[in-house]
Each structure stands twice: as structure tokens, then as C-alpha cells.
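K.L.:
All chains should be modelled from the sequences, with the hints used to inform the complete structure.
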Amino acid sequence: MVAELKYEISQNAYIKLVLHALKHKTTAVNGILLGRVKPQNESVVEIIDSVPLFHSNLALLPPREIALIMIEEHYGSEGLGIAGYFHANERFDDAELGIVAKNIGDHICRYFPQAAVFLLDNKRLEALPKGKDQSLVIQLYIRDASKNWKLAGPDGGSRLVIKEPAANVVLSDYISSEKWQDVVDFDDHLDDIKMDWLNPELFK
Amino acid sequence: MVSKTEETQLNRLENQVDNGGGGAWDYLCLVRKLKVRRSEKVFKYGLSILNDPKKRSALGPEEWTLYEQVAIAAMDCQCLDVTKDCIKVLQKKFPESKRVGRLNGMLLEAKGSWAEAEKAYSSLLEDNSLDQVIHKRRVAMAKAQGNISKAIELLNKYLEIFMADHDAWRELADIYVSLQMYKQAAFCYEELILSQPTVPLYHLAYADVLYTLGGLENLQTAKKYYASTIDLTGGKNTRALFGICLCTSAIAQVSKGRNKEDKESPELQSLAATALEKDYKQRAADKLGLLTSALRSLKI
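Protein sequences appear in the order of chains A and B. FYI, the UniProt record's numbering numbers position 130 of the first sequence as 130, with every residue one higher than the one before it. FYI, the UniProt record's numbering numbers position 192 of the second sequence as 192, with every residue one higher than the one before it.
Just so you know, these hints were derived from the structure itself, not from any lab. Glycine included, each C-beta is placed from N, C-alpha and C at the ideal position. Hints are supplied without guarantee of correctness; some may be wrong.
Below, computed lysine-lysine pairings styled on DSSO-like, alpha-carbon distance capped at 30 Å [stated by the list, open to error]:
#, chain 1, residue 1, chain 2, residue 2
1, A, Lys179, B, Lys287
2, B, Lys150, A, Lys25
3, A, Lys130, B, Lys111
4, A, Lys147, A, Lys130
Coverage of chain A stretches by chain B, computed from C-beta distances (three or more under 8 Å per stretch; other residues unrestricted) [unchecked claim]:
#, segment
5, 59 to 66
6, 94 to 103
P.N.:
Here you go:
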């Protein structure tokens, strides 16, 4: 059905989500991926940016609905749409894609059928500072023909690539400097609207 | 559960300590009082006090409370050696203490020795079956091992005895929401609102759950609870204001084509929208455009 789609994620989109997860180590977190089908190559979806969403009550609708409306509105004017969903589980040992993540993924697929779901890989994240494993610390899930979410390949294979090869190095640097403290998510915005979920100063 | 004022006060104190302005002990006391989880900071600043003999003796009898606080923070940061040292000191000072016994149980948990921790807690419960902290540790253990149904079972049993424990009701509600068991979560919030009717957080959470459940009746009730949240917070709660707008829009959708028995007064929605616009204009002007489009799309 869907030919072997590839996903190309940008460094900023990737790092923002991982830092968000690190800021809230004791709860599950989630985020939205913004992107589009690559204009020059229809078999590639490029993920250009991400917005960290929530770190509490991920399964409640009202904050999510407001967030999605505002996010779509903002990025729509830049030619980007919601192209995927990111989820990080609460527990270190939990490597399963849970029901909330699947449901949100399904919802996004209604508007963008090539949408992907990314799950934080806790073990790889833990191993990152030790420098041994250079693969991305996120796992790619794609819907199969029967609309079930499946892990793509033994470890995403080569279907998920990052544009900037040194991304993990940059990520490790940010982790050492505790950059995660600066990440703002939609929960923070709803608690205090002065907090900007676009994180414009994060990578400056 | 912490109010905005309390959180601001705590963060200000934390920044002060971070920037070398002193106040570490006040910070540690405030963390303890508010029961928040700031383990990395508590570990860092608590340990530096404990390692300084002059500072330590200046604490007087509070020294032991600090040892306990640092022991727990150290476990949260996986620095188990520090925990062991703290427990040793406490054990020497309070040899037969159940409270120290609890810390030993938690250390076993932190090591992942679930069976031994369970044994330790069971034996402590034999002497005092009404130890609330230990009952809740067992719930935490179930949760940590991924056994959510056991956590729910234990928490429900706990609440049959300790039905005034608001934190426990909230924890149970959180767990139910994460499993998409919204009706059960709603029940928890109903209990909380009954016992503490003037806490806006419960009204807000209840409204969120009802909205998520959906259906005309739930949406109408949700709208009432967003309204009561606005009432209790002097109109300052952004989430509740958005909630009114979402409810009005959803109710209109659901009642399309039905006989409009109760006419929805549009005043509440426009008041909420105006309040939001005013707030964004003042404090988040760059997002005002997004807000206006969002509100427009909700008015369908």
C-alpha cells in the first residue's frame, strides 16, 4: 500500500523532543512533529520542527485540542502540517507503544496518512553519554495495511534518518549543560501564557 | 499540590540558592513542606549541609530530618551509597525506629529488589497495619514494576480505609486517565470535589475528564465545572476559559439537528473569549493572532 516511505528528521526537531523528555524524567511526555512530504521526493517525509506538548494527563482532550488548533494555525502559514507524534513513556523499562500514543497517532493519520509515531528509546538515551551507540534515541512506528502500529525494521532500519549527522553529539552537549531546563511545552504555556511553546530562543 | 504563589516562591528561593545567595536550609524546608519532588537540588544542597560539621550542628534536632530528606533524594537520583550512609547515621541514632525501617524498605525498592522490599514492608505492617506511607509504597512498587492493575487494586483498598487522603484520590485519578478509564477518573474527582469543594484544580480536572468522555450531558456538566473553576480563580485560569469555548463549540456540534430544548446562552462563551483575548494581548501578544483564529474556528 504505502511504498517504503522514509522519514528525515531535522536536528532541532529531534533534540527539542529529547530535551523535553529529560526535563520531565518522572512522567510521560508527548509532542507533535511538523513536516511535509518532501517536494522533490514523494517517498520521503521531512520532519522539520517539533512542539513539545504535555507532561501531565496526556490522555485528556481539552488541552490537546487547543494545542493542535494553535499549532496547525501557526505552522500552516509556513507550509507545514502535523506529520507525526512523539511519545516518551513514564517508566524506563516500558518499551511499548501504549494506547494513548496509538490513538493520537490514528487521529493524526486521518489528516496526514503518512504520519509516523516516534517512541523515546530509554535504553539508547541512557547509553548516549557513553558514546558507544550513535543511533538515534527514538524508535519509528508506522501503520501497516491493517492500521496497526508496528516498529519499522529491527531498529527503524534506514527508514529514519537525521539530516545533520552530528546531531547526537550536539544532543550530548546539551545534556551535559542541562539545556533541558529551557524547554517550554504547551502545559507550561497553559499555566502561564508568557511561556512560548515555539521555543524561539532554545537553539540560539 | 502547589499553588502558583507557592511555586513562584519556591522557584525564587531555588534561583537564589543556585546563584550563591544562600538560603539552602529555607529551600529544603519549603520543599519538605510543599511535598514537591526536586531531588537533584535537594541532594546537592542537603548533602553539602550534612558534610559541613558546623552547618550540621547548627540544625539541632532538625539534623535527622535532613538526613531522611537527603536519603530519599539520593535514592531518586540513584546515588545509593549516599542513601546507605544516611540510613546508617539514622539507624545509630534511632535503633528501633520504624521510620528508619521504612527507609530501608525504600532502599531495597531503589535497588530493584522488589521481593525483599515487599517482605520488609509486610513485616513493618504487622506491627502497625495503619502505616499510610508503607501502604502507599506498595502501590508505588506495583506501579514501578509496570503492574498497573495491582496498583489500582491496592490503591482502591487503601482508599476504603483512608478515604480522606486527597493525594491518593488524585493519584488514582491520574492512573485511570492514563488508561483512558475516564468514568472511573471522574468518580475520583467527584470524591475530591465533595470533600474539598473550593479547590479549583478538582473542578478543572473533573471538567477535562467529562469533556473527554463526551456526549451532550457530560459536555454540559463540563461547562458548568469550567465555569465554577473560573469563579474560584477570579477568572484567571486560562485552561478553564479555553474549556468554556471548547464546550460551547462541542455542544453546538452535538446538538445540531436536535430540538434545542435548552438554549445555550452565548454570553458565557463570548465572555470567556474576551477574557482570553485581553490576557493574550497583555502577556502573549505575539500569539494573539493564533488565539483569534483558534477562537474563530471554535465558533463554527
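K.L.:
Against each hint, give a clear statement of whether it holds in the structure.
P.N.:
Consistency of the hints with the structure:
1. Under the criterion of a C-alpha separation no larger than 30 Å, the hint pairing Lys179/A with Lys287/B is consistent with the structure, at around 24 Å.
2. Proximity of Lys150/B to Lys25/A is assessed by CA-CA distance (about 23 Å); at most 30 Å being required, the pair is judged to hold.
3. With a C-alpha separation of about 22 Å, the suggested pair Lys130/A and Lys111/B falls inside the 30 Å cut-off, and the hint holds.
4. Straight-line distance between C-alpha atoms of Lys147/A and Lys130/A comes to about 37 Å, which puts the hinted pair past the 30 Å bound.
5. For a cut-off of 8 Å, the count of residues in the segment 59 to 66 of chain A with a CB near a CB of chain B stands at 7, and the three-residue condition holds.
6. For the segment 94 to 103 of chain A, the stated coverage by chain B holds: 4 residues have a C-beta nearer than 8 Å to a C-beta of that chain, and at least 3 were required.
The structure fails hint 4 only (numbered hints given earlier).
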